[in-house]
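Residue numbers (our numbering), protein chains in the order written: chain F, 1 to 428; chain C, 1 to 187.
Hints are computed from structural coordinates only; laboratory data are not their basis. The model shown is predicted, which means the values in this text are computed figures rather than measured ones. There's no promise every hint is true.
To be verified - Taking CB as the label site, the calculated pair distances span:
id, chain 1, residue 1, chain 2, residue 2, range
1, C, Ser152, F, Val303, 15 to 23 Å
2, F, Val303, C, Gly184, 30 to 38 Å
3, C, Arg43, F, Lys189, 44 to 52 Å
4, C, Gln145, F, Lys189, 57 to 65 Å
5, C, Arg50, F, Lys191, 47 to 55 Å
6, C, His150, F, Pro187, 40 to 48 Å
7, F, Pro261, C, Ser152, 25 to 33 Å
Claimed, not checked - Result set (DMTMM-like, lysine to aspartate or glutamate): computed pairs, CA atoms no more than 20 Å apart in a straight line:
id, chain 1, residue 1, chain 2, residue 2
8, F, Lys196, F, Asp185
9, C, Lys178, F, Glu87
10, F, Lys189, C, Glu66
11, C, Lys174, C, Asp108
12, C, Lys183, F, Asp96
13, F, Lys189, C, Glu71
14, C, Lys174, C, Asp48
Here a beta-carbon is modelled for each residue, glycine too, at the ideal position from N, C-alpha and C.
Chain by chain, the residues run as shown.
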Amino acid sequence: MPIRISILTAAVLVSLFSLVSGCQDNSGQQAQFDYSTGNWPRAERELKDSARKTDENYVLNNVRLGSVALVNYNLDTAESAFLAAYEVINSAGVNDGGRAVSAAVVSENTKIWKGEPFERAMVNYYLGLLYYMRHDYNNSRAAFENALFKLRDYSDTNNADKYDEINSDFVLAYMMLGKCYLHLDQPDKAKAMFDKAIQIRPDLAPVAQGLQQPDNVLLVVDWGWGPVKITTVDHAFAGFGPTPQEAGPIPVPQVLVDGAPQALTAPPLPLVDLLALAQDHRWQDIDTIRAVKSVAGKALMGVGAFEAVHGSGWTGHRYNGNDVAIGLGLFAAGALLDASSQADLRHWEMLPRTVFLIPMNLSPGTHDVTVTFPTGEQQTWHGLVAPAQGENTYYYRMLEEAPTDRYWPPGSQPGSGSQKETDSLQPS
Amino acid sequence: MRTTALIAVLALAACGCGTAVSSGHNTALDSVDLVSMTDQMARSLATDPRINQEFAAHGPLTVVCEPVENELTGEIIPHGQAEAYTARVRDLLSQKAPDRFTWIMNRDEFYDLRGQELEGVSLGPSPDAVQPQYALHAVFQSLTQEDSEHRSSYYLCVYSLTDLQDRVELWSHKYEVKKTEVKGFLD
């Protein structure tokens, strides 16, 4: 009878465990494949369905959708997706109640994903970029400020030096804040932002100086792939990889305008390395809980196995059915506990490794602008508009397998600027 | 007993999951602020002696509503919300004091609505055809601090009615609020 009860209990536990931890995220892999191969309409359509579900992947699916919509130049969709993520990220208590218990006791995957600090900062950065592209400089400024908050949030609030250390990897936001203040006709504040960026990264002074010059075209170029969340040491410990050293140096792009190399207002230098930023993984209470669960689970499995073997009589002792049942029960409980200690590996797959800001002063009119990297990525936008007054901003996402020729305005050449679906493409 | 407790916890975890938008709370201005703020502004506008004087001297004030100017620290005001903060004041005064104000839609709003081609909705004359005398304008500012444990924001929202010809401010009123959120486990 005890054995039957144990089996029944184990079955109930396993069912409940599966139910609770079964909230798996399946949207990422396909979306990532479609994103990297330029099948953006399909990725957008699929992610729109996922992004409406207010489940534990709500924020993650919305930032994925934002990335896809941005590269596909559906700026309204990108804005609403990033705003949806922004609102949850900025909220406290999102995981209160059953989710917090579930994340701590059963599986961390059940918590509502809000991203690591660098991912939260990038949500705000992309919102800032969207508003900047639309010449809404006040909202753009606000978003870039919030991007800095997200990294400060992560840093040690009792240690002023730590603030600078963390912010130093995100001079991108300071540079864009400076640009916003220039457009808002607040040159003093703009200078303060550029000075701050130079103070943190003196090697980027030529970029800051170039960005302060009057220009009429700004290229924002995303290159490479951002960090991937991986398990380290044990499945209970999460980290990000690869490291910048493993990934190698970031190449520098060349810009061609109407087929000829273009003299740039500022040298095209990488303004952030998300691989480096991700190495400062924040240790949370839940990491400790996972670690304890992993150790306790393995210990229970060991004790359970010993008890079952001991009770079975294999070690020369008298057979005892109760000992076997207790041993098996302990082993099962330990296995469940160990399984529940798996780290949450969800992350924002579309993030680039780095961002370049490339200001240019072009003759008013339309131009074909090519950005090319020595690593093989190349993208040409045909017919980009250089205004006689003001500044237009264009977003380039360098992807090896995506279309290299695109046409302005997006969608003006079907099959090029706005891609058609190719359902035959499947993940490898 | 312990097993029952474990099952109970698992069942709670399985059943007690709120959605991503059901239990969060933040320091942003919300619908309560919108209602409270715009009620205050409409009341103040309707009873202001200088506006009454202007109405007595020259008849209804011709006013255009402008969206809120966002000077908040680290906080976005999407376009629709930026318009709602002044549009509700207009709506309240259109009901409570229809004789004192003639409201003219701003250009962006007019062309947005015209673009939607709403059936049965009359948008009235084009903003280019009517010259407003005053602008209802609002600027939102904030001081915000955020760290790993808290986020707090103090808001100052200033509304003004300005003569478009000489930029003289006929009326002004402010709304202040401070909000603090304490972050918890998993925030």
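Unsatisfied constraints (hint numbers, rising):
Violated hints: 1, 3, 4, 5, 6, 7, 10, 11; rest satisfied.
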